[in-house]
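S.K.: Letter by letter, the chains look like this.
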Amino acid sequence: MPSLPPIRPEDEAVAKVRGNTGAFDAPPVAEEDRVRFDYLLRLGDDSLILGQRLSEYCGHAPSVEVDLSLANMGLDLIGQATHFLEYASKVEGAGRDGDALAFRRDVLDFRNCWLVEQPNGDFAQTMARQFLFSTWQKLLFGQLTASADEMIAAIAAKAVKEVTYHEELSAEWVIRLGDGTDESRRRMKEGLDWNWRFIPELFEMDEIAAEMTSRGIGADVGSFREEYDRKVRAVIEQATLEVPSDQRPILGGRRGHHSENLGHILAPMQYLQRTYPDATW
Amino acid sequence: MVAARAHHSAEHLGEQAIWSALFSVPDPEIPAVSIVDLGIVRDVTTRQVTLTPTYTGCPATLVIEQMVRAALDEAGFGEVEIRTILSPPWTTDWISEEGKAKLLAYGIAPPVPAGSREVGCPQCGSIRTEEISRFGSTPCKAQWRCTDCLEPFDLFKCH
Ligand SMILES: [Zn+2]
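Same order as they appear, the protein sequences are chains A and B. First residue of the first sequence: 1, per the numbering used here; consecutive thereafter. First residue of the second sequence: 1, per the numbering used here; consecutive thereafter.
Just chain A, same shape as in the assembly (with noise of 0.2 Å):
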């Protein structure tokens, strides 16, 4: 790889006019439009979190194949947010770009689900978590692929590809566990059980979300319930598992009620950019 030449100071100046920033274009948003950033906050969120959530696991994971893998969801998935978030600056307009969303934010200002805040756990747990997340995404992000605005599409589009990965592989280990040994079993069943009351917050249709789905901007999420439930049910069968009994769900990620979990990641998350504002390289 060659070496690139020096910068300048002539190069820091017109780095900051084009602003270089690795970032896509997006179209420019006539007015502001409070709603359709509230909902951008909600589709980064989810994704900035449970990277996180996963990059927990670099070096730490029971194998290296599957570090590689959870540090690669964990990638995708920080991709995604990046894209959300700086596109939801845009439409926001308030000069705070993507990073600024993303590590100046406090907790009653997240967006994401409880399901993405939840601890790692044991790995059973973790990819518990992640089989049901990614098959919500994938039939998420599918319907946005047709979504009115072109970014998300965009954005869905890009993303979907990846989130087959993700589905797939957690739903192989939600089968290789609970048909395991006694041990593994235990362990998935358990992890199932922890997360199975976030999944109703999943299909909530509250006003931002409504108004969306009218404007054609976001997804039906009732729309692909069905087909979220045979699908869950459908691996959870194949892992010889019983589909766990439905509790008493758990709602308010989406206005900013969230568990104490989030500010635990959030602290070391933006502990730099609090600490530094405005650092860099």
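Think of the hints as simulated: they come from the structure by calculation, not from any bench. All the given hints hold, so there is nothing to weed out.
Which chain B residues face chain A? A few, computed with CB under 8 Å, are given here:
1) Gly57
2) Cys58
3) Ser87
4) Ile132
5) Phe135
6) His159
Straight line, CA to CA, 30 Å or less: simulated DSSO-like cross-link-like pairs of lysine-lysine:
7) A:Lys231 - A:Lys161
8) A:Lys189 - A:Lys231
9) A:Lys161 - A:Lys189
10) A:Lys90 - A:Lys161
11) A:Lys161 - B:Lys102
12) A:Lys161 - B:Lys100
For every residue, glycine included, the Cβ atom is placed at its ideal position computed from N, Cα and C.
Based on these hints, arrange chain B with the ligand on the given structure of chain A.
M.R.: Leaving out everything else, chain B with the ligand in the frame of chain A:
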């Protein structure tokens, strides 16, 4: 008319010069292959170069943009803008035949059509091969192994 044709041809020469500058930019993670071979360069005019990332979270995206900037500056095209687009999403179908041959020579099995499990070993050519891990050293690669010569190798995943 003559002036227009002259302009057209100058434009054409400029584009050719930009393409050849970009052809010299290697992929940061697979330096044997150029970003043009990989299909990352989507469009070239004398005003703008359009790139697309391979994977959503590809950490090389920013590095590639910087390397393209440097290559354009070096070739005297400092004013050419770099634009990154997401749509249509990149696919391994855009890797050129030359790119596939370079991957193979470098020891990476080029992507096989979706659904196909017939992967040739880059060392001995055998198709008696098996997947070790769906994820490899970079997001675009999976780990495979040849059951004839026993060498492990990377497969560029169909995407
Ligand atoms: Zn071989």
